[in-house]
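**Q** Given next are the chains, with one letter for each unit.
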Amino acid sequence: MSQTYVGKPVPRLDGLEKVTGQARYTVDLDLPGILYGAVLRSPLPHARIVDINCDEARRMPGVRAVVTGRDFPYTFGGPVKDQPFLAIDRVLYVGEPVAAVAAETEFAAQEAARKIRVTYQELPALFDPRDALGETAAVLHPDLHTYRRASQYDIVPGSNICTIRRYSTGNLEQGFAEADEIFEDEYYIHAVAHSPLETHAAAAQYSAAKNEYTVWTSSDRPYRLATVLSEALGISLNQVRFHSMFSGGGFGGKAALVAEAVAVALARFTQGRPVKVVYSREEELTASQTRHAAFMKLKTGVKRDGTFTARHADVVWDNGAYCSLGPDVAYRGVLTIFGPYRIPSIGLLSRLVYTNKEIGGAYRGFGTTQATWACEAQMDVIAEKLKIDPLELRLKNAYVDGDLYLNGQMMRTVGLKDTLTLAARKIGWGSPKQQAAGSKRRGIGMACTIKPTATPTTSYCFIRINQDASVVLLCGSPEVGGGQKTVLAQIAAESIGVPIGSVSVPHPDTQYTPFDDAVGSSRTTYHMGNAIRMASREVREKILVHAGKILGRQPEALRLSEGSISDGSGAELMTLEGVLQKVVPRGGCIIGEGQYSPEGSPLLAAAPGQTAMSSIFWLFATHAAEVEVDSETGVVRVLRVAAAHDVGRAINPALCEQQIEGAVIMGLSNTLFEEFKMEKGRILNDTLADYRLASTMDLPQIDSIMVESMHEEGPFGAKGVGEPAAAPTAPAIANAIFDAVGVRIHNLPITPEKILQAMRQSAKNPPVQD
Amino acid sequence: MSIGIEICVNGLHHQLDVKPQTTLLEVLREQLRLTGTKEGCGTGDCGTCTVLLDGVTVNSCLVLAVDAVGHEVTTIEALATDAGLHPLQQSFIEHNAMQCGFCTPAMILSAKALLDRKPAPETAEIKQALSGVLCRCGSYKKIIEAVVAGGEQMRRER
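One line per chain: the protein sequences are F and U, in this order.
According to the numbering used here, the residues represented by the first sequence are 1 to 770, in order.
According to the numbering used here, the residues represented by the second sequence are 1001 to 1158, in order.
Keep in mind that a hint or two might mislead.
Once the Cα atoms are required to be at most 30 Å apart in a straight line, the calculated DSS-like pairs of lysine-lysine come out as [to be verified]: (1) F:542 <-> F:8; (2) F:426 <-> U:1019; (3) F:8 <-> U:1127.
Chain F is nowhere near these chain U residues, computed Cβ spacing over 10 Å in every case [to be verified]: (4) 1001; (5) 1056; (6) 1088; (7) 1121.
Bear in mind the hints are in silico, worked out from the structure with no lab data behind them.
For glycine and all other residues, C-beta sits at the position ideal for the given N, C-alpha and C.
Let's have the full structure, built from the sequences with the hints guiding it.
**A** Have a look at this one:
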């Protein structure tokens, strides 16, 4: 059946608001009686708080509340609840909130925060997670075993290991014994900033009468945050209400309570007045969250013909001071280190380690970006040594439909090989190398990735058809830039049979919109899309039953399309509005509800006890890059990236392209430009002048290729796209640099200095030919 | 200390009391409540606070309110009229040239400044003109396409 909206590049529903400046973000929020918050942050990476004196701050003009951790002594967090709202008795990183002020103006709040006197007793700090693993290292969370936590994660009390994850299949020893070659390599991937253009911002208001908090957030998961807050404070979900507004970008960084935590703590003490907290860019860069840095050791056994026999991976994640969503990254995301490849025997040791640094959190890719760096960089080392074309080596081992994942789950709708061949073809794989002028050298390289989605997770929605046939789609999925409102409205319009212009998708409000897990893990189109399909079916059936009664026909013989009721012949019998006017003449609506969880799907079947590692869908992607390296300066320019993504059915191809293009830019920027410069735990480059992001001047030619391997349980066959999109970019660029100038970079970011140094070293010790 | 100034924004004259250090961005967002102009850094690095001063792009976070006196300030709120959207706004929608949208007002104003000065720019000039505005969502490709198309429409309407 031909589709009206699905598969079409429908313009964004939020486009008009965004081009006219009317889209309102949390930073734009104004409320009657609003106060402004400011935060006093720790200047030290690790210290005991001996004393906090707020007397002078409280006397400053315009100040309405000064709050310390002792005043609001609760803790929250991701799977391990290790984080105070404001520091209690000790600080664990430079930038940790120690006290907060609410005042009539932002300036007054900032001035007062400066007047808070804190006496610290400095303690030795740990900046490298490998040092933190040492037996004599100070233990940063000695009470780890007493924290509330989710049960599936193993902690290691008495050490700096927050969570540990071991996993193995097959027989590792035998696998390595069968190998013709064994490759042992170490890789490092650095921490980077999410750097959304809208910094972290939140407002909160407290009602003492009801012991109730209302929070305005630009998070991608209002319901999850409401749950975290209600659990932290020991109050019911009825007593926390999260409003979403437009989000000025998040990329995972807004998946935790950040500015929200400060706003809530302040609001408790402002006698009902709302408090808005907007992070400065400096705070955003130094005191929000980062991508986890990771040290990765890979040992891979391979037969001479390129068949894998075994791989062991040892990953140390730099957690920073508190865990946020790190335990999930180290539990699930890490598995991508085994690539989208058939490896009969594997062994994994993944340790999430506390350090005295900014908190590591969710970051687009959720660990798969880090893992893909190691896996795909080593793939090219293996290919070179075995004299096998890197594309052929990947194709030889790549998952195909029917292969079993690491936990025994059967993989379905695997478009991986298509992504490999299409990206390769687009970049001109195998054709003679382009020559560049002077000292410039060109090269091409590729990398691919696999990404699961968090499983099982749930999404709910309500659909309401008003008396005038306008449609309201109530769901808890915020618009974070990916076009969530548009895609979900497309699915609703198509499934119900109404014009997309009649569908509105309000911002989530946990008081009214039903539960959604998160806009994260590339799950929204699939999960919320399926919930919408169910709710749509319900309202559609109700409408057709009503129409059948009015028209004296069997409902099964009627069709609803574009708001028009017809029979098989296609002639309009009546309009949807006409039906509603008859059904609810004095006002009213038709309501449907949908709830989706993949729980119990036969697709998740796995080896006994291992279904927790199953994913309801699998995303695959290949990036192929062409770079130009100046062999005299080491400067890299990315000229072209062909990015092929298996997205399932592309509900809106334009929005899919945008995710891919945006992720390539982000991946390129992360890889070549971004790096925190640190001194004793302090981030020195705390402006966007010193922490450089890619601009229009860095834009390569990007060719987005969509592979649509239709998912049997996805809405119209859709899977997802946003999360894995940046993962293959870094290794594709690194592999292209090797093709251009013959050096391999193991430690990100790739800087001109590292390239020049590697070139000098390789000139001194030319590789031995065998 | 505050100073009384008259400032012209989007064709309207406003009498305002400002401090010597008050920025144009603060006046726009906090006093006039024109929140289409965004603050992304406050130090002139991200460009999301871009507005036009006599048709030329400035980072409004770096312009003192008192220095805007006697100049015509244009913000995103002035681009659409009763007659409809500006061609650039239309083409940004048609080309899906935004994601989170936080940089969109600044991108559109930067493009307008370029196209008003040079109706048919080369792609390299468009990239240059937009390079002062960061887009972390990485919508650059579609933004450039939208600016090319918007420019063509502006030429047709001349």
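**Q** Evaluate each hint against the coordinates.
**A** Now the hints, each set against the structure:
1. F:542 <-> F:8: 27 Å, holds
2. F:426 <-> U:1019: 57 Å, violated
3. F:8 <-> U:1127: Distance ~28 Å between residue 8 of chain F and residue 1127 of chain U Cα, so the pair holds.
4. 1001: About 14 Å separates residue 1001 of chain U from the closest Cβ of chain F, which puts it past 10 Å; holds.
5. 1056: 19 Å, holds
6. 1088: 8 Å, violated
7. 1121: Given that every Cβ of chain F is farther than 10 Å from that of residue 1121 of chain U, nearest at about 13 Å, it holds.
In this structure, the earlier hints numbered 2, 6 are contradicted, and the remaining ones agree with it.
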